[in-house]
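Residue numbers (the working numbering), protein chains in the order written: chain A, 1 to 350; chain B, 1 to 350; chain C, 1 to 350; chain D, 1 to 350; chain E, 1 to 350.
Worth flagging that the hints you see were computed from the coordinates, not collected in a lab. Check each hint, because a few of them may be wrong.
Given that identical chains are not distinguished, each listed pair holds provided it fits within a single copy or across any two copies.
Listed below are the simulated DSSO-like cross-link pairs for lysine-lysine, each with C-alpha atoms no more than 27 Å apart in a straight line [as the list claims (entries may be wrong)]:
(1) K6 to K157
(2) K347 to K53
(3) K190 to K222
(4) K122 to K21
(5) K97 to K122
As the structure is a computational prediction, the values presented were derived from the model and not from experiment.
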Amino acid sequence: MKRISKKAGLPPGTLVHIGEKKTEEVRINLIDYDEGHFQETEIETVEECFPFKDKPSVTWINIDGLHQVDVIERLGTHFDIHPLVLEDIMHTGQRPKTEDFEEYIFLVLKILYYDEKAHQVKAEQVSLVLGSNFLISFQEQEGDVFSAVRDRIRNGKGRIRKAGSDYLAYALMDAIVDQYFIILETFGEKIESTEEELLSNPRQQTLDSIHAMKREMIFFRKQVWPLREVVGGLARGESSLISEPTEIYLRDVYDHTIQVADTIESLRDVLSGMLDIYLSTISNKMNEVMKVLTIIATIFIPLTFIAGVYGMNFKYMPELEWHWGYYMVWSVMIVVVLSLVSYFKRKRWL
Amino acid sequence: MKRISKKAGLPPGTLVHIGEKKTEEVRINLIDYDEGHFQETEIETVEECFPFKDKPSVTWINIDGLHQVDVIERLGTHFDIHPLVLEDIMHTGQRPKTEDFEEYIFLVLKILYYDEKAHQVKAEQVSLVLGSNFLISFQEQEGDVFSAVRDRIRNGKGRIRKAGSDYLAYALMDAIVDQYFIILETFGEKIESTEEELLSNPRQQTLDSIHAMKREMIFFRKQVWPLREVVGGLARGESSLISEPTEIYLRDVYDHTIQVADTIESLRDVLSGMLDIYLSTISNKMNEVMKVLTIIATIFIPLTFIAGVYGMNFKYMPELEWHWGYYMVWSVMIVVVLSLVSYFKRKRWL
Amino acid sequence: MKRISKKAGLPPGTLVHIGEKKTEEVRINLIDYDEGHFQETEIETVEECFPFKDKPSVTWINIDGLHQVDVIERLGTHFDIHPLVLEDIMHTGQRPKTEDFEEYIFLVLKILYYDEKAHQVKAEQVSLVLGSNFLISFQEQEGDVFSAVRDRIRNGKGRIRKAGSDYLAYALMDAIVDQYFIILETFGEKIESTEEELLSNPRQQTLDSIHAMKREMIFFRKQVWPLREVVGGLARGESSLISEPTEIYLRDVYDHTIQVADTIESLRDVLSGMLDIYLSTISNKMNEVMKVLTIIATIFIPLTFIAGVYGMNFKYMPELEWHWGYYMVWSVMIVVVLSLVSYFKRKRWL
Amino acid sequence: MKRISKKAGLPPGTLVHIGEKKTEEVRINLIDYDEGHFQETEIETVEECFPFKDKPSVTWINIDGLHQVDVIERLGTHFDIHPLVLEDIMHTGQRPKTEDFEEYIFLVLKILYYDEKAHQVKAEQVSLVLGSNFLISFQEQEGDVFSAVRDRIRNGKGRIRKAGSDYLAYALMDAIVDQYFIILETFGEKIESTEEELLSNPRQQTLDSIHAMKREMIFFRKQVWPLREVVGGLARGESSLISEPTEIYLRDVYDHTIQVADTIESLRDVLSGMLDIYLSTISNKMNEVMKVLTIIATIFIPLTFIAGVYGMNFKYMPELEWHWGYYMVWSVMIVVVLSLVSYFKRKRWL
Amino acid sequence: MKRISKKAGLPPGTLVHIGEKKTEEVRINLIDYDEGHFQETEIETVEECFPFKDKPSVTWINIDGLHQVDVIERLGTHFDIHPLVLEDIMHTGQRPKTEDFEEYIFLVLKILYYDEKAHQVKAEQVSLVLGSNFLISFQEQEGDVFSAVRDRIRNGKGRIRKAGSDYLAYALMDAIVDQYFIILETFGEKIESTEEELLSNPRQQTLDSIHAMKREMIFFRKQVWPLREVVGGLARGESSLISEPTEIYLRDVYDHTIQVADTIESLRDVLSGMLDIYLSTISNKMNEVMKVLTIIATIFIPLTFIAGVYGMNFKYMPELEWHWGYYMVWSVMIVVVLSLVSYFKRKRWL
C-alpha cells in the first residue's frame, strides 16, 4: 500500500508524486511516424513536444519517471488533460482503469515483473493518454517491455506504421499482457519444482514457499482482474477513438487477459491442492510416529511389569524358589508379546 | 449494534436520538460563500440559519451533536426535510446510503477513526442534506476531518469557491474517504509488525491479535461496501442536483472507495494467510514434541525392560552367575539403542 | 418443517390448516377509521365484516387463529380472494412473499419472537390481504406486536388516521421489522456474555451455545432474506395500490430489513470468529498437556532406566562395590536432568 | 451417471433407450375428457391414440416404459414431435428442462422417491409433451404419483375437468413437487433421530449416516435446482400454450419448488452443523483421553523412579540402613503426588 | 501452460506454432458433398482446395498437424481469414471460444481424451472456420473422434447430407461432447473403485488418487465451462450463418455440455465427500490407537509402581516379612486393575 495519506486534505487535482522514486532523471522520448515517415527524438524540455499535438501523423511521447511535478503539469496543460488525470498519473497506487474524456482516453495499466532477489512479483504503473493522433505514456522508470514495439515502429514491421494511435495503444497493452505470460511461466516452473520437493521430502521450507506463492498469486490476480474490464470495455467499441479494425486486435488482448486470469486460478487451485497434500503428509507421518510409540510401549510396559513383580523382595514368594521359574517367566513374556503382535496385526497397525 | 429497540412501536418520523451522546453541547457552524464572498458564523439559535436558505450563494451549515431533538426538528421544518430523514439523522445506526428527494439529496456517510486505546476502529455517522444552494451536515461530535475543507474555503484555494454545493458535498466525501486510507495504513503497519512476531516467536497473543484484526477488517468492510453504491450512484449522474463537472470528481472518489475496498480484501487475505501460517507452525511444533517423546520413550522402554529382567530375584538365573553377564547386558543394550537410532534415521525422524 | 405431506394429492385450493394450532378460538377484530371517525368491534360471525367492504373508510379486519376452514372460506369468497391465496394463508410454512392480484395485494410475513424457555427463535406467520380500502390480517394466535399500531389508530397519533390502507399495511410491516431488532439485541447480549465465558473459561457448554446460536442465526436469516425482496418490490412502486407518499415509508422499512440482514451477517461472522477462538484455545490447551507429559516422561524415563540398571542382581557388577557408587549415580542423574532441562529451554518448551 | 457412451457416434435423433429397464411391458393409458364427458381406455397398439389428436376435448396419453423404440417413434411421427425430443424422452439421464416448439411444449421432470432398502433417493424421469388439446406423459415405470390426479379427473373434483391440457400439465407437476415434500419429511425425521444419537452416543455409524445424508441432499438439490427455472419460465407466461389462469397455479408450484430448495439448503446447513458437532465431540473425547493418560503417567513416573532408586543394589546406600527410611520414602511419594495434583488442579485439568 | 513467451514481442498476426508437435506430417483431407453428390480426396498441396471455395456444395477441409506455417498461411490468405485467427489456430493454448467475422465464424474447441499411461486427461485443440458453404477444421494430430461423422457423410446416413455446413459444424461439436461423456464414465468407474478401497482399506495411495482425480476434475471443468458459453451463443442464433433448424440441434449440444458440467460438479462433490471420509477414518484410527495406548499404560503404570515399591532394598520394610505379603500385593493389583477397567467402561472407552 502506497502512502496515500500524504495527500489527505489537499484539494483535488493537487499533483503529488506517490510511490517509490525509481529513477533519478525524467527522460522524455518522442516518436513521430506515419506510413512513410519516422522521426525519433530524445527531448530535453517538455515544450519541444507541443508542436506535435496538431500534426496529423501519430506521435508517441514516452515519459520515464513521474516525480517531477512541473513536467507533468506543463504537458497536461498543453494537451488539455484534466487535473484529476494528472493526479492519478503521479499516484502509482491506482488500480487498472479506463476513463473516456471524449477528446482522449485515459488508461492505467500495470507492468508486472518478477524480482528474482525478493522472490516477489513487483508492479510498475503505466498510464496512457490516448488522443486521436497522439499517445502519451507515463512509466515509473525506463524498462524494456516497450522496446519490441519501438523496434517494430522503427523497422516498419507489421501493421503498426499504417495504423493510428489506437493501434499503438493496443500494441503497448499487448506487450504488457505478453509480459504476464512470462511471469506465469516462471511461476509454473517454481510450482513444479516445489511439487517434486513436496512429494520426495516435504519440509517446513516447502510449506513456506507454498504460502509465499499463494500470496504472490493473490497479488497477481488483484492486478489482472480489473484489467479484464478495462480491455473488455475498449474492445466492445464504447469509445469513438478506437477504430473498428483495432477492436478485433483488442479482443485478442482481451482473450489473453482472460487466459492469464484463468491460468492464475488454475495455479491457485494447484497450490491449494499442494497445501492439502502437505498437511495430509504431515498428519500421516504423525500417525506413524504415534503408532510406533504405541506398539513399543504397549509391548514393553506389561513385560516390565512382570519383571518388576519378580524383582520384589518378599520373603515368601514361592515362584522365586521354583527351579524353572525364570524360564517360565520368559515363556509368559513371549506369550504376551506374541498375542499383542497378533492383536496389532489384526488391527492392521503392523 | 445500537439500541434500536428504544424506538420500537413509536410512529414513524418520531425523533429519538439513538447512539452514544458524544458531545455535551450542540454546536452550529455556518459558512456562506461564493467566488467573491466569504462569511463564517458560529450560530446560537437555529433560526439564524433560515435567511440563508434562499440566498443564491452556497451555504454550509454544520451541526455537531445530534441529541437535541428540537434543533433538528426546527431546522428540518424550515428546510422542508422529510420527517423520516430527520429520524435517520438522529439514529446513528444507519448504513451509508443515499436518497434523492428531488429538492434535496440525503446522504448518510461514516467517518472512521482508529481508537488507539481500545485498539478498535470506531465509526461516526455523518448525514448530509444537499440542496441546490445549501448543504447541511450533521456530525455526532466535533472532529477535524472537515477542517481541511473549511480551510480551503476560507483561503479560496482550489476550485471550491467557484463551484456549487454539490462540489462542497464532494469535498466532504473526499475528506472522509481520505481518512479511510490513513486507517488502512495504520493497519498495514500493525499487520507487518504482527507478521514479524509471527515468524520469529509466535505466541497466543499473536493469534489473538490476528483474530482481532480480522474482526476489525470485517467491521471496516461493512462500512465501506455500501459506500461504493452510494458514491457510484451519484457519480453516474442520476440526480439533477449534481452538475456534470462534479461527476468527474465523484468518479475519482468512487475509484478511491474501490481502492479502499480492494485493500481491505487484500489485508483480509494476508490475515487469513497469517492464520494458516500460525496454525501450521503450532502443529509443526506439536509434531516435534511428539517425535522427541517417541524417540526417548521407544529407546529407553526396552532398555528398562532388560534391566528389569535381571533385577528379578529368581533363585536359578544362570546369566546372573556368569562372570561377563553384566557386560553382556550392556552390549545388548547398546545394540538395541544403535538399531533403534538407525531405524529412526531411516524413517527421517532424526 | 411443517407437515406439508398432509396436503399431497389434494386438488389445489383445498383449504387445510398446516401448522401448530396455537389458539383455541378464532378471534376476529374489526377496526374501521378515517380522519374523523373511528369504530372498533369484536366480531362474532364473519358475515358482520361484509358491509365494510364497500365503505370508503379504511377497514382493518384482524383474524387470530387459522384452523377454522369455514371462517377463512366465507371471508375469502366475499372479498373475492383467489382460492390459492386462502390455501397459502392456512398453510403456515410459507416463505415471506408478495403477490399482486390487481384488486388486492397478498403478503406473507413472519413475526419472530425469542422463546426464552426453548432458547430458540420462533416464527409466526402473518398474511395480509391489502385492498384499496381494506386490509385483512391473519395471525396464528393473538399477539402484542400490532397493539402499538392499534393504539396509534385509536388515539389518532401520527399520520395513520389520515392515510389509506396501504399506510396501515406499512405500519404493520414496520412493527414486525422493529420486533426483529429486539431479537437481534437479545442475541447481541447473549453473544457478548458467551464471549466473556469463552475468554475466561471455555467449556463444552460454551461450544454448544455457539453452535446453537449459529443455528438460530441461519434460521433468522432464512426468514429475513426473502423479506428484502418483498419490501423492496413494494417500495419500488410496482403496484397501483401503494400510493407514492407511502413508498417513501416503505423504503424506510426496506432500509431496516437491510440493516437487520446486515446485522445477522455480522453476528454470524462474530460467531464464526468465536468458534475459531474456541478451537484454537482447546488445541493450545492440548499442546500444553502434551508438553507437560513429554517433559515429565523424557526426564524420568532415562533416570528410571539408570536406577533399573543398578537394580540388577548380577554377581559381578563392579560399580555396586564402589564406595561412592551410589553418589556417582545420583550425580549422573542430575547431569541428565540438567542437560534435558537446558535442551527443553533451548527449544522454548519451558 | 447413465451409460451415455452407448450413443456416442450415432447420428442425432437416433432412438436408443438409455437407463435401467424398469418394467417389462409398455403400458399405454388414454384418458379423454372435457367438462361433460369422460373416457378412459387401456390401449394395445399405439395407433389407437391417433384419432384423439384432433378432437377438441383434452386427451391425456400416459406411457409407462420407455424401452420400445417403435412405440415412441410411431407416436412421435403422428404427433409431429421433433426427433431430438424423442431421443431425450428415451434417454433418462436428462436434467429437468423445458423447450417450447410453438406447437407443443416439451418438459422433462423427475419423480423422486426414497428407496428404503438402499437408503437412497432415487429419480425417475417423466417427460411431458403438452399440445393445445393433448398431453402425452412418458414414465419409466408404473407409479402412483399421478393416481390422485387421475382420480380427480374421473370424479370431476376441482377445476380439472373444466380446464385445458395446460392445467393438466400443472396438476402433474404439482403432484411431483408434493412428492418432494414427502421425501423431505422423511429426511427431516432421519436427521432428527441421528441428531439425538449424536448427542447421546456418537459413533462411527452416526458419522457415516451424516455423510450419506449430505450426499443424498446434494443429489436431491441437483434435481430440484433446474426445476426452479423450468417452472419459473412457464409461470412467467412465456408460452402461448399456457393460459393466464393456469399461470397463477404455476406460480404456486414455483413457490413450492422454492420452498423445497430452501428446505434442502436448511437441511444441508443442519447436517454441516451436525458434522461440526461430531468432530468437536470426538476431539473433546480425545483430549479427555490424553488428559487421563498424562495425569496417570506424570503422577506415577516419578514415583516409579523413586522406587527404582531404592531398588538399586549398591553396597553403600545409607538411606537403606535408616530405620525410618521406608516410611520417609512413602512420605516423599505422597508429597510428590499432592503437589502434582494441586498443579493439575491449578491448570484446571482435574 | 504452453510456452506462450516464445511469442512475446512479435507483432500480432505472426504465425508461430505453440504447443507440442504431435504429428510429423501435415495431412489434409477434403470432403465435398451435397444431397446427391460425394467426393473425398487426400490432398497434397494446399492449393488443391482453392477451387472448392466457391462451389455451392458443402466442403469440409480437415487439417491434421499445425506446425507448418506456410500451409496455414496460404489457406488463410485464400479463404480471407483474419491473421489473428490464423495465429490462434497455431497457438494450442486457447480457451474454447467463438468469434463471428460475418463472412465466417471462428470456433476453438477442445477434444479431451484419457491418457491411460499418464492417468491424466489430455486436451487437443480443434479450430473450426465455418463459412456459408465450407468448414475448415484444424486438429493437432489425426484422431478418430470425427470418423463417425465422416462415415455418416460417406453413407448418407441421417440428415447430414441434406443439411449445410452449419449442420456439419454441429455434428463435429456433438462428436466432441459425446467424447466427454466417455471420459466421465471412465472417471465414474475409477471413483467407484476408489470408494470401495476407501471403505475397506484406506491407504496413502487412496488419498493420493483422490487428490489426483480432484485435480483432473479441475482441469476438465476448466475446459468445459467456456464451452457452455460458446455453444449457448451459437444456439441462441446470434449468427446469420447458423440456420434455424440447426439451432435446435445446437440447443441439444448445449444441454449436453450442461449435463457434462453438472456431472463434473457432482463428481467433485463426491470426491470432496470421499476426502472428508478418508480424513475422519484416519482420525478415528488415530483415536483408537491413542485409546489402546492410554488403557495399557494407565493400567500397567500403577502396577509397575507397586512392584517397584516392594523391590526396594530397605532394611526395615515390615510388609516384606509378612507371610501373605506377596499375595496381598497381588490382591491390591487386581483391585487396581478392576477399578480402572470399570472406570474405562463407564467412560465408554472399552
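Results for each hint:
When the C-alpha separation of K6 and K157 is checked against a cutoff of 27 Å, the pair qualifies only between copies, where the shortest distance is 18 Å, while the shortest distance within a copy is 45 Å. Proximity of K347 to K53 under the C-alpha cut-off of 27 Å is found in neither arrangement, the shortest distances being 85 Å within a copy and 70 Å between copies. Taking the shortest Cα distances, K190 and K222 sit within 27 Å of each other both inside one copy (20 Å) and across copies (22 Å). With identical chains, the CA atoms of K122 and K21 are at most 27 Å apart within one copy only, with a shortest distance of 14 Å there and 34 Å across copies.
Only within a single protomer do K97 and K122 lie at most 27 Å apart by alpha-carbon distance; the minimum there is 18 Å, versus 31 Å between protomers.
Of the numbered hints stated above, the single one contradicted by the structure is hint 2.
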